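Asks: Below are the chains, spelled out letter by letter.
Number of protein chains: 2
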Amino acid sequence: MTVQQLETVEQEFLAYVKKMGSYGEALSLVFWDLRTGAPSKGIEQRSEVIGILSADIFDMSTSEKMESFLKELEGKEGLSEITVKTLTECRKEFDRNKKIPKEEYQEYVKLQAIAESTWEKAREASDFAMFEPYLEKLVAFNKKFITYLGYEGTPYDRLLDEYEPGVTVEVLDRVFGQLRESIVPLVKQIAESKKELKTEALFKHFSKAKQEEFTLKLVEELGYDFEAGRLDETVHPFAITLSQKDVRITTRYDENDFRMALFGTIHECGHAVYEQNISSDLMGTPLSAGTSMGIHESQSLFYENMIGRNKSFWKRHYDRLKEYSDGQFDSLSLDEYYEAINESKPSFIRIEADELTYPLHVMVRYEIEKELFNGNLQVKDLPKVWNEKMEEYLGIVPENDAKGVLQDVHWSGGSFGYFPSYALGYMYAAQFKNTMIKDIPNFDALLEEGNVTPIREWLTENIHKHGRLKKPLDILRDVTGEELNATHLIRYLEAKYKEIYNL
Amino acid sequence: MTVQQLETVEQEFLAYVKKMGSYGEALSLVFWDLRTGAPSKGIEQRSEVIGILSADIFDMSTSEKMESFLKELEGKEGLSEITVKTLTECRKEFDRNKKIPKEEYQEYVKLQAIAESTWEKAREASDFAMFEPYLEKLVAFNKKFITYLGYEGTPYDRLLDEYEPGVTVEVLDRVFGQLRESIVPLVKQIAESKKELKTEALFKHFSKAKQEEFTLKLVEELGYDFEAGRLDETVHPFAITLSQKDVRITTRYDENDFRMALFGTIHECGHAVYEQNISSDLMGTPLSAGTSMGIHESQSLFYENMIGRNKSFWKRHYDRLKEYSDGQFDSLSLDEYYEAINESKPSFIRIEADELTYPLHVMVRYEIEKELFNGNLQVKDLPKVWNEKMEEYLGIVPENDAKGVLQDVHWSGGSFGYFPSYALGYMYAAQFKNTMIKDIPNFDALLEEGNVTPIREWLTENIHKHGRLKKPLDILRDVTGEELNATHLIRYLEAKYKEIYNL
Chain X
154 MTVQQLETVE QEFLAYVKKM GSYGEALSLV FWDLRTGAPS KGIEQRSEVI GILSADIFDM
214 STSEKMESFL KELEGKEGLS EITVKTLTEC RKEFDRNKKI PKEEYQEYVK LQAIAESTWE
274 KAREASDFAM FEPYLEKLVA FNKKFITYLG YEGTPYDRLL DEYEPGVTVE VLDRVFGQLR
334 ESIVPLVKQI AESKKELKTE ALFKHFSKAK QEEFTLKLVE ELGYDFEAGR LDETVHPFAI
394 TLSQKDVRIT TRYDENDFRM ALFGTIHECG HAVYEQNISS DLMGTPLSAG TSMGIHESQS
454 LFYENMIGRN KSFWKRHYDR LKEYSDGQFD SLSLDEYYEA INESKPSFIR IEADELTYPL
514 HVMVRYEIEK ELFNGNLQVK DLPKVWNEKM EEYLGIVPEN DAKGVLQDVH WSGGSFGYFP
574 SYALGYMYAA QFKNTMIKDI PNFDALLEEG NVTPIREWLT ENIHKHGRLK KPLDILRDVT
634 GEELNATHLI RYLEAKYKEI YNL
Chain G
154 MTVQQLETVE QEFLAYVKKM GSYGEALSLV FWDLRTGAPS KGIEQRSEVI GILSADIFDM
214 STSEKMESFL KELEGKEGLS EITVKTLTEC RKEFDRNKKI PKEEYQEYVK LQAIAESTWE
274 KAREASDFAM FEPYLEKLVA FNKKFITYLG YEGTPYDRLL DEYEPGVTVE VLDRVFGQLR
334 ESIVPLVKQI AESKKELKTE ALFKHFSKAK QEEFTLKLVE ELGYDFEAGR LDETVHPFAI
394 TLSQKDVRIT TRYDENDFRM ALFGTIHECG HAVYEQNISS DLMGTPLSAG TSMGIHESQS
454 LFYENMIGRN KSFWKRHYDR LKEYSDGQFD SLSLDEYYEA INESKPSFIR IEADELTYPL
514 HVMVRYEIEK ELFNGNLQVK DLPKVWNEKM EEYLGIVPEN DAKGVLQDVH WSGGSFGYFP
574 SYALGYMYAA QFKNTMIKDI PNFDALLEEG NVTPIREWLT ENIHKHGRLK KPLDILRDVT
634 GEELNATHLI RYLEAKYKEI YNL
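First to last, the protein sequences are chains X and G.
Just so you know, we're using my numbering here: the first sequence kicks off at 154 and counts up by one.
Just so you know, we're using my numbering here: the second sequence kicks off at 154 and counts up by one.
One chain only, chain X, in its complex shape:
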């Protein structure tokens, strides 16, 4: 191929990939709409639209055209970095979609749908046996897929790689072990401490309209660009990217627990700010997305906890919160409020857990998944193992499976290997923060001033802008000079919680 021919093929390839992205954008709009107010009677027909657009993307990702692009471009000199990395993403998709026989995959997709609706009923009835046969099939499918796709290390590493490239069982065992050694004793110390936090005010009535007003101003100040996004209500809040110029966030208002909307929106804002600030050079390629689930979660958790649950942040905002509220905070000092929103105690439900105990919930799931795929754990034994692990890590045992092994939707959709990302997010965030304060030593003062811009810009410069150009552990290494470790997270949690609980 001449240089000119190569350039032509490269341009055609990028246009082809952009078209796939446009189908994805339409699909994202459909999902956003479904979750923010699409009328119920239209859903059945809308699922046809989803099927068609998904099939278009799938077909394009495995087409002869794609195959020939890969063949003609891979390994060639003179391609842009964006093209090279885009080829890597397309190759990964191509191989995965080609290696799994189409019929088996279609069967699996059908199973996912039935499994998810069965899981809903099983959780409702707190009846694991109802869900068990479906979960067994989902595990079996995934084991088969792992053999089709191949793996280095252990079978479960293959699943982890989908969500957090480079993070293996070996890595997780090390960092989760390190984290657990420090957290489990700390959780115990807190449980034994005599300190009573004043949390009643958190659950007093706070009008939805006022919450909304307060939250909107807050996320705007935090750097969320409303000209490239919007905030809507939904049942299970999420952030969704249509394009990097249209990244939408959603929230849910609970008039008897304002933390739901407040910290939930700040969390989604962290996800959205990441995607809004990816370099525009990557627009229209699969690189215009967060690089991994864990790095994504590091951004949402950075916003939610390092900013949103920081005392300096509330030095600025607490008086305004009082103004908007119905008076419940009038007799609560700033310190008392800060402690209340940072209360930690073992609980059954992961998504309701506090910053300190949350990673332990994740580890329960990680140990189970690891044993399912690398060991001899049987699906039927999950409830028992779940409860044992909860006892071991958190010191509590759920009274039923609805509050235990059946609580999460993930497994019913066949998502194994996803959970560790949540805990990785905490570690990444703490590592980033540790480096950031060397560049921005006045971090707390900036929060108190309401000037988040330097912090957001630091994140953009170091993390956001790269999109998927860099792998998660490369970003971590480039930014912090360190490998993944739990040291900074442990230091952060110990400092914070020892102060709050006078330990």
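Bear in mind the hints are in silico, worked out from the structure with no lab data behind them.
Wrong hints could be hidden among the right ones.
Copies of the same chain look alike in the list, so a pair counts if it fits in one copy or across any two.
Unchecked claim - Think about it this way: if two alpha-carbon atoms lie no more than 30 Å apart in a straight line, the pair counts; the simulated DSSO-like pairs of lysine-lysine are: (1) K361 <-> K172; (2) K229 <-> K290; (3) K370 <-> K194; (4) K533 <-> K651; (5) K347 <-> K252; (6) K624 <-> K194; (7) K172 <-> K498; (8) K263 <-> K172.
On a predicted model such as this, the values are computed, not experimentally measured, just so you know.
Place chain G on chain X using the hints.
Replies: Frame of chain X; chain G shown alone:
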């Protein structure tokens, strides 16, 4: 082909058409989103999505696959009525899209975009000369397209046929002439009448939140199904069909003129109720849509005027309106209110015109379009002819072109032949009403009771359910036993306005 083979091809054809419909559904969602709050920075990339989905539909409508379906199925015995009529729709699309050379059409699409943005600026500056060269090109393109597509009767009939199949210049000259002969003198009589209507209350402050609450309840009572639709805010209100199970309406609130949202929403509700009640047998085919612009407009106008501006309707709702309002109606009797919302006087802007003068605005445009395509009228002479016609029909001359020939967006998008549908809607509605009251003699009593169901069911049974299975004039004939005429509209308007103005 054996019967079995034919059946297989028929099923494949219907699946193919359904897929086209699904792309259309995704596209409708994109348009709805763009007009109800999509963030501004995302629009440029979203236009790529629009381009791709539109191209998919276009390509499918002119593909070799489509050609072979048409060839194998057209004229065959044993096909369902739905298939036969769907073939007719597809043939029409196929021929139109094939007969116009693709390059010319693409050039035309580009022109449309530039022309529309130029028109906006020209209207802003009230400078027809700025828009003139673009309008000239648009007319020239359409003249060329007419020769490609061919026509019976006159060239302009070809354009009319796009919006109102079967309604020709011959028909329009007859019915518009009949209508004008009665309306023009009536408008003059009203202008000369001494009666002063008490309209000040209409323009007093009415809070948006209260308007919204009132309007929502109203359209629900009028039979709009909120499980198959939703109401949002927008700048230029519209109804849009994603599928017949998801037909959305939009509105605009003016706190100093509540009529905008109230009658606007009732109008869009009429459009939406039509599409929501098309027979579900037609779902997934191009027949699942209103049969023509005119019949569509007959339903929205029936709702807006025959129901929403009817005195019996307000006997039920006026007290509630008073409750929701800020007190401005307290000293206005029901009769005075009824007269105020039915005030008629010549005005410059079509979309602000009342029920009586509105058709005259349409006729000004009709006469101009007819002369442009069938006669010798030159684009440069449009402002002059516009003002002459306004003088002749409405007795007023706009002070500038912004309030005259430049007021409507339609021509800038190349939509010639569309305007007559608006006036046809009035005639159809009056003809339908005349027949309906033979079946439902207690029409007014039902409105007063708030029981619109029998009225809605009558419209569904006679009009809605057929979708595009029947052509507009066939529906009219089947329902009323009459040809298109202005008699019932004239009677309705004369009775109404002579009472209001004591003539």
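Asks: It remains to establish, for every hint, whether it holds in the given structure.
Replies: Evaluated hints:
| no. | hint | in the structure |
| --- | --- | --- |
| 1 | K361 <-> K172 | neither (41 Å within a copy, 42 Å between copies) |
| 2 | K229 <-> K290 | neither (42 Å within a copy, 48 Å between copies) |
| 3 | K370 <-> K194 | between (35 Å within a copy, 20 Å between copies) |
| 4 | K533 <-> K651 | neither (40 Å within a copy, 82 Å between copies) |
| 5 | K347 <-> K252 | neither (58 Å within a copy, 85 Å between copies) |
| 6 | K624 <-> K194 | between (42 Å within a copy, 28 Å between copies) |
| 7 | K172 <-> K498 | neither (49 Å within a copy, 53 Å between copies) |
| 8 | K263 <-> K172 | both (27 Å within a copy, 20 Å between copies) |
Of the numbered hints stated above, those contradicted by the structure are hints 1, 2, 4, 5 and 7, listed in ascending order.
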